[in-house]
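Participant: Chain by chain, the residues run as shown.
Protein chains: 4
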Amino acid sequence: MIKVGIIGGAGYTAGELLRILLWHPEVEITFVQSISHAGQPISKVHKDLLGDTDLDFGQADYTCTDVVFICSGHGKTKLFLKQNKLPEHIKIIDLSMDYRPQANDKGFIYGLPELNKEQIKDANYIANPGCFATCIELGILPLAAANQLKEDIHVNAITGSTGAGQNPSTTSHFSWKNNNVVVYKAFTHQHLKEITETVLQLQPNYSKQLNFIPVRGNFSRGIMASIYTDCDWEIEEAYQKYQEYYLTHPFVTITKDLPDMKQVVNTNKCFLYLEKHDRKLLIISVIDNLLKGASGQAVQNMNLQFGIPEKTGLGLKPIGF
Amino acid sequence: MIKVGIIGGAGYTAGELLRILLWHPEVEITFVQSISHAGQPISKVHKDLLGDTDLDFGQADYTCTDVVFICSGHGKTKLFLKQNKLPEHIKIIDLSMDYRPQANDKGFIYGLPELNKEQIKDANYIANPGCFATCIELGILPLAAANQLKEDIHVNAITGSTGAGQNPSTTSHFSWKNNNVVVYKAFTHQHLKEITETVLQLQPNYSKQLNFIPVRGNFSRGIMASIYTDCDWEIEEAYQKYQEYYLTHPFVTITKDLPDMKQVVNTNKCFLYLEKHDRKLLIISVIDNLLKGASGQAVQNMNLQFGIPEKTGLGLKPIGF
Amino acid sequence: MIKVGIIGGAGYTAGELLRILLWHPEVEITFVQSISHAGQPISKVHKDLLGDTDLDFGQADYTCTDVVFICSGHGKTKLFLKQNKLPEHIKIIDLSMDYRPQANDKGFIYGLPELNKEQIKDANYIANPGCFATCIELGILPLAAANQLKEDIHVNAITGSTGAGQNPSTTSHFSWKNNNVVVYKAFTHQHLKEITETVLQLQPNYSKQLNFIPVRGNFSRGIMASIYTDCDWEIEEAYQKYQEYYLTHPFVTITKDLPDMKQVVNTNKCFLYLEKHDRKLLIISVIDNLLKGASGQAVQNMNLQFGIPEKTGLGLKPIGF
Amino acid sequence: MIKVGIIGGAGYTAGELLRILLWHPEVEITFVQSISHAGQPISKVHKDLLGDTDLDFGQADYTCTDVVFICSGHGKTKLFLKQNKLPEHIKIIDLSMDYRPQANDKGFIYGLPELNKEQIKDANYIANPGCFATCIELGILPLAAANQLKEDIHVNAITGSTGAGQNPSTTSHFSWKNNNVVVYKAFTHQHLKEITETVLQLQPNYSKQLNFIPVRGNFSRGIMASIYTDCDWEIEEAYQKYQEYYLTHPFVTITKDLPDMKQVVNTNKCFLYLEKHDRKLLIISVIDNLLKGASGQAVQNMNLQFGIPEKTGLGLKPIGF
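Chains as they are written, first to last, in our numbering: chain R, 1 to 321; chain V, 322 to 642; chain C, 643 to 963; chain F, 964 to 1284.
A couple of the hints might just be wrong.
To be verified - No farther apart than 25 Å at their CA atoms in a straight line, the calculated lysine-lysine pairs in the BS3-like style are these:
{"no.": "1", "chain 1": "R", "residue 1": "241", "chain 2": "F", "residue 2": "1041"}
{"no.": "2", "chain 1": "V", "residue 1": "399", "chain 2": "V", "residue 2": "412"}
{"no.": "3", "chain 1": "R", "residue 1": "76", "chain 2": "R", "residue 2": "185"}
{"no.": "4", "chain 1": "V", "residue 1": "471", "chain 2": "C", "residue 2": "898"}
{"no.": "5", "chain 1": "V", "residue 1": "471", "chain 2": "V", "residue 2": "601"}
{"no.": "6", "chain 1": "V", "residue 1": "632", "chain 2": "F", "residue 2": "1069"}
{"no.": "7", "chain 1": "V", "residue 1": "597", "chain 2": "C", "residue 2": "850"}
{"no.": "8", "chain 1": "R", "residue 1": "208", "chain 2": "F", "residue 2": "1113"}
{"no.": "9", "chain 1": "C", "residue 1": "835", "chain 2": "V", "residue 2": "601"}
{"no.": "10", "chain 1": "F", "residue 1": "1148", "chain 2": "R", "residue 2": "276"}
{"no.": "11", "chain 1": "F", "residue 1": "1239", "chain 2": "F", "residue 2": "1219"}
{"no.": "12", "chain 1": "V", "residue 1": "365", "chain 2": "F", "residue 2": "1239"}
{"no.": "13", "chain 1": "F", "residue 1": "1007", "chain 2": "V", "residue 2": "597"}
{"no.": "14", "chain 1": "F", "residue 1": "1171", "chain 2": "R", "residue 2": "208"}
{"no.": "15", "chain 1": "F", "residue 1": "1274", "chain 2": "V", "residue 2": "324"}
{"no.": "16", "chain 1": "C", "residue 1": "850", "chain 2": "R", "residue 2": "256"}
{"no.": "17", "chain 1": "C", "residue 1": "686", "chain 2": "V", "residue 2": "529"}
{"no.": "18", "chain 1": "C", "residue 1": "686", "chain 2": "R", "residue 2": "241"}
{"no.": "19", "chain 1": "C", "residue 1": "898", "chain 2": "C", "residue 2": "918"}
{"no.": "20", "chain 1": "R", "residue 1": "76", "chain 2": "R", "residue 2": "91"}
{"no.": "21", "chain 1": "R", "residue 1": "193", "chain 2": "R", "residue 2": "106"}
{"no.": "22", "chain 1": "F", "residue 1": "1274", "chain 2": "R", "residue 2": "276"}
{"no.": "23", "chain 1": "R", "residue 1": "150", "chain 2": "F", "residue 2": "1171"}
{"no.": "24", "chain 1": "V", "residue 1": "365", "chain 2": "F", "residue 2": "1048"}
{"no.": "25", "chain 1": "F", "residue 1": "1069", "chain 2": "R", "residue 2": "280"}
{"no.": "26", "chain 1": "F", "residue 1": "1041", "chain 2": "F", "residue 2": "1069"}
{"no.": "27", "chain 1": "F", "residue 1": "1171", "chain 2": "V", "residue 2": "365"}
{"no.": "28", "chain 1": "R", "residue 1": "256", "chain 2": "F", "residue 2": "1148"}
{"no.": "29", "chain 1": "V", "residue 1": "529", "chain 2": "C", "residue 2": "724"}
{"no.": "30", "chain 1": "C", "residue 1": "686", "chain 2": "R", "residue 2": "311"}
{"no.": "31", "chain 1": "F", "residue 1": "1007", "chain 2": "V", "residue 2": "562"}
{"no.": "32", "chain 1": "F", "residue 1": "1041", "chain 2": "R", "residue 2": "185"}
Hint data in this document are derived by calculation from the structure and do not stem from the laboratory.
Here the structure is a predicted model, which means the values were calculated and not measured.
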């Protein structure tokens, strides 16, 4: 059994981790740390876990722990690791963005298994990718790997409310958000940095623009990205290259049927779909932002780190509707 | 022109008032007071009013004002009227619950036109009814008026998120509320008091229980109440009595087709529908909580106070979808 | 391994069964029959299963099958069993309402494990309960078992769109249903029959009225029932009796924190919550209509029939948001 | 009074017209034709109009009619006008796409007042623009008018369910659409033709690509388009040019505060917002697809045709929430 601790256990990504790990056949949870809720039952905060666990939020205890998921929020992991010297045997999977840029230089591996699977298997410290970044990178990895990115890339991606965290605010208010959509951080979203780095890792000569318009949607879970760029491949060749690239990656499925976003909600899957229009290749990529875009991918990384089958504990029942 | 001032102009009911009054043919807005947003354009807060008005939030100025709507929130009207002595010529329409119970004793008229139309016409001070109260009272007024309430009344009513105001909180968070419903304040909702009082005004001998289960729904606007109680009337007689009761009340429509809630959203209308099952009379009552349940009814009261046709400015385009 | 066949594989409940059974550690799917989609991949209809299975819809083949789930829709199971003589060794779990009333007389067991667990273990043929029926019966079983039902029962229950099946219609149209609610079949819903029968099984002397107002909600999954009736028990005694009744039933959790509906969505769980107001006991009961209200309960019944732990394959990740 | 007839009165756009026209101070409705619902009350189909009108669906009668709105659906107007010779004095406003391309050649004026106001005033026959077309064209008219379009234009626009009409189908089913988004007709949407024509009317030398990704959103009403293209103007100059272009067009508001879509829902308004990123000008354009994108614009056109103020009857209360 893999002994798992969670730091920052009261947030969205920690809750989602628990929803997976409580049923993971190879995992034992040793602690779920939370400063704000110490001593309370986990099901007081993650109320859907009532009946599934009697665990309480408590202190971190690394003696009997193999791996720690850090779910503290952006900017806080660095602080945490500065203030807390973890024993050497502990592996870390960090869900914040703190160690994603230039991860290698900081002793971390960027935890996108479809890009870095072998390094992840040997990694002690993993920087788990961002949700938008995951959805968009999976859409363009096969192009970059084949040196096929030549012109600007155009991305529009719509995300659910859980992407913005659990702090109540004007734009998380139901009365505002219900039946509403809005663009935000156009061309400047913080995930652009990790996407660009990933592209350059595979195709170092790429020097064009990545244009990214993020949209807040009126749903709780999911990301749908539409991506297009000029491409030499005909549609059949493109499908073949995508199939080949993802052959050994069980969570990515290439489909010739246009997917809707909800097909992957509550799963760790990514569906990719292609169209060719003149010289433009259109790629539709859909994931669940809290799973393949966060906690599901974190568990996938843990499975790889501990040498168990990549899909263990991630055979999740889709929501369907 | 009726010269209108608004106190507490930054909240939901004030915004809704402005959405009506800006197009009301007999109204001129003299001030929209807000402490928190003084000096700002109204459309910075009520953003949908951009392009409709250049008004700013400002100070109250009663010299050129005929009527003041007080939208400050429950508990704050009493405080406001204690601290501010309004000139005698000013009429007041209070949207809080402060003066609803025993309104008469406090110099106010309970502003349900379908109950108190004649008194409203002569009233200086009006306590505008609560949203649940309006929806439920309209459903049972004809029974009480005919002395037909004999047994317990059972009410379940579901309301939109705007009923809970604009303060961000855990239960107003989109991620929580989306696709969710929850009961709250069962048997103890604060509107029970004004409903009971209204019933007793018409049928003083009623001594049974009013059982009220309020439900928070996952929509922004609207209330649907299902009400049943034992009743001697056959269905046709019931329909006739309801028709008669509401003959002179233009915003209440009796229908023999089961209404859904959205039929009245963005209007000041109430639809009532009846079924008889053995001795039980079922009444379905639907309103828009912000209009007939708040600001629309407030304007209806203003129209009556100033002797203009009751529907003036209230011919509102329904949302339809 | 339990060898499972599905009849009527293209509908909602069959899709939901597949979402569970594909990850069930003790199940092998032998066929998924569908007349309308024979020969097509299952993932053409249940599109979220893309990547999870390569199965096609095909013909029924009972030779290597232990149990058949019949998902054909109400009225069609009777017809199917008349036209198809199944081998004697085959167990049947029928998700339609065809054999629920007087199930015993027809050789079936009413498949509510919290009522009939021992009979289910020995049953060959199971009539799987209705969704509303499950939610409401779980709310009142402890009362009936203790002979405590004495007066009318008042039930209001709101259900998701999947409860009405997948046929496109006016009332399943998004433009109509979005942000809308409506009552339907008040006092006459077809599940009243099985609820009454269940109550009488435990408390044969109950002779009062069960008043049931069903509501269509604007969400896809879930049922929330609010139930009240007069009761002699004080609140603590009520909680104790409910705890005792459900002690050996792992999917029902008694909670002292008011549950919202979404806490159980995508799980097979039922949460029950109690309040006492004067003589009235209020019971809030929430389930996922497609799981505990249909396919999840069907799998629970299968587990019991085949002598494996009741929760096998039903450790489902909640949707959370 | 303008005497108005409606052909094809049972559809979405006709219902929306009626919601406006019943309160329009200068309009009298002479007939609402529907083959499928002849003889029925209008409020049987457009159920929210109950209490607002007693009109029935009937036959067309042109004797006392000044203008006819044709709401029959795409492809059917041509057929209708072939089969029905309308008297010469009748003005026509066609809401289908039948006469939009090369409208002039067919005796029609393309009814976008912000492009063709003067011609509309004199027009007998108007081809009312498409919803996506309106939203996108309003976003780029000032660029085209100033000859500033030089490179590819990139558009992603998300629309509500009412854009797809009222026929029940798999993709209009609530269970599918709820919490879901999907791309459709990427690069090939039928509105591209009229958008291109409009651009070329103002800037005939434009020869680059208009890339358009339409998205179906999970809401009933509204369109939000994000548009970007290379542009020489600095942001302040761009704002100034947009302000100037729309100076005499009361329904278009230029704003420096990022708009969300719901700000214009239930109004005839369009909000435009600009950002500059390096050489890229980003334009956000939001409208209500059934109003400025269909029936509201149709009434605006009628007002212009009949020489009454452009905003008459279009001072609509926004939904707000």
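Participant: So, for every hint listed, does it hold in this structure?
Facilitator: To see whether the hints hold, each was checked on the structure:
About 47 Å separates the Cα atoms of residue 241 (chain R) and residue 1041 (chain F), which puts this hinted pair outside 25 Å; it is violated. Note on residue 399 (chain V) and residue 412 (chain V): the hinted pairing holds, with a Cα-Cα distance of about 15 Å set against a maximum of 25 Å. Restraint check for residue 76 (chain R) and residue 185 (chain R): satisfied, since their Cα atoms lie roughly 22 Å apart, inside the 25 Å limit. Under the criterion of a C-alpha separation no larger than 25 Å, the hint pairing residue 471 (chain V) with residue 898 (chain C) is inconsistent with the structure, at around 35 Å.
Proximity of residue 471 (chain V) to residue 601 (chain V) is assessed by CA-CA distance (about 11 Å); at most 25 Å being required, the pair is judged to hold. Distance restraint check for residue 632 (chain V) and residue 1069 (chain F): the Cα-Cα separation of roughly 44 Å exceeds the 25 Å cut-off, and the hinted pair is therefore not satisfied. At most 25 Å may separate the alpha-carbon atoms for a hinted pair to count; residue 597 (chain V) and residue 850 (chain C) meet this at roughly 18 Å. The hinted pair formed by residue 208 (chain R) and residue 1113 (chain F) meets the criterion: a straight-line CA distance of about 19 Å does not exceed 25 Å.
Of the supplied pair hints, the one linking residue 835 (chain C) and residue 601 (chain V) holds, its CA atoms being roughly 19 Å apart against a limit of 25 Å. A hinted pair counts as satisfied when its Cα atoms are at most 25 Å apart, and residue 1148 (chain F) with residue 276 (chain R) qualifies at roughly 12 Å. Straight-line distance between C-alpha atoms of residue 1239 (chain F) and residue 1219 (chain F) comes to about 12 Å, which keeps the hinted pair within the 25 Å bound. For a cut-off of 25 Å, the pair hint linking residue 365 (chain V) to residue 1239 (chain F) stands: about 22 Å separates their Cα positions.
Restraint check for residue 1007 (chain F) and residue 597 (chain V): satisfied, since their Cα atoms lie roughly 22 Å apart, inside the 25 Å limit. The hinted pair formed by residue 1171 (chain F) and residue 208 (chain R) meets the criterion: a straight-line CA distance of about 19 Å does not exceed 25 Å. For a cut-off of 25 Å, the pair hint linking residue 1274 (chain F) to residue 324 (chain V) stands: about 24 Å separates their Cα positions. Straight-line distance between C-alpha atoms of residue 850 (chain C) and residue 256 (chain R) comes to about 58 Å, which puts the hinted pair past the 25 Å bound.
Taken as a hint, the residue 686 (chain C) and residue 529 (chain V) pair is broken in the structure, with Cα atoms around 57 Å apart against an allowance of 25 Å. Restraint check for residue 686 (chain C) and residue 241 (chain R): the C-alpha separation of about 23 Å stays at or below 25 Å, so the hint holds. Distance check on the hinted pair: residue 898 (chain C) and residue 918 (chain C) sit about 12 Å apart at the alpha-carbon level, within 25 Å; holds. Between the alpha carbons of residue 76 (chain R) and residue 91 (chain R) the distance comes to roughly 18 Å, so the proposed pair stays at or under 25 Å and holds.
A C-alpha spacing of about 16 Å is found between residue 193 (chain R) and residue 106 (chain R), which places the hinted pair at or below 25 Å, so the restraint holds. A threshold of 25 Å between alpha carbons decides the hint, and for residue 1274 (chain F) with residue 276 (chain R) the separation of about 44 Å lies outside it, so the pair is violated. Only pairs whose Cα atoms come within 25 Å are accepted, and residue 150 (chain R) paired with residue 1171 (chain F) is accepted, the gap being roughly 19 Å. Distance hint between residue 365 (chain V) and residue 1048 (chain F) is unfulfilled; the C-alpha atoms sit about 51 Å from each other, more than 25 Å.
Only pairs whose Cα atoms come within 25 Å are accepted, and residue 1069 (chain F) paired with residue 280 (chain R) is rejected, the gap being roughly 35 Å. Restraint check for residue 1041 (chain F) and residue 1069 (chain F): satisfied, since their Cα atoms lie roughly 11 Å apart, inside the 25 Å limit. A distance of roughly 38 Å separates the Cα atoms of residue 1171 (chain F) and residue 365 (chain V); the hinted pair therefore is violated under the 25 Å criterion. The suggested pairing of residue 256 (chain R) with residue 1148 (chain F) holds, with an alpha-carbon distance near 15 Å, which does not exceed 25 Å.
Of the supplied pair hints, the one linking residue 529 (chain V) and residue 724 (chain C) is violated, its CA atoms being roughly 53 Å apart against a limit of 25 Å. Taken as a hint, the residue 686 (chain C) and residue 311 (chain R) pair is honoured in the structure, with Cα atoms around 23 Å apart against an allowance of 25 Å. Among the hinted pairs, residue 1007 (chain F) with residue 562 (chain V) is consistent with the structure: their alpha-carbon atoms are about 23 Å apart, no more than 25 Å. Simply put, residue 1041 (chain F) and residue 185 (chain R) have alpha-carbon atoms about 45 Å apart, too far for the 25 Å limit, and the pair is violated.
Checked against the numbered hints listed earlier, the structure breaks hints 1, 4, 6, 16, 17, 22, 24, 25, 27, 29, 32; every other hint is satisfied.
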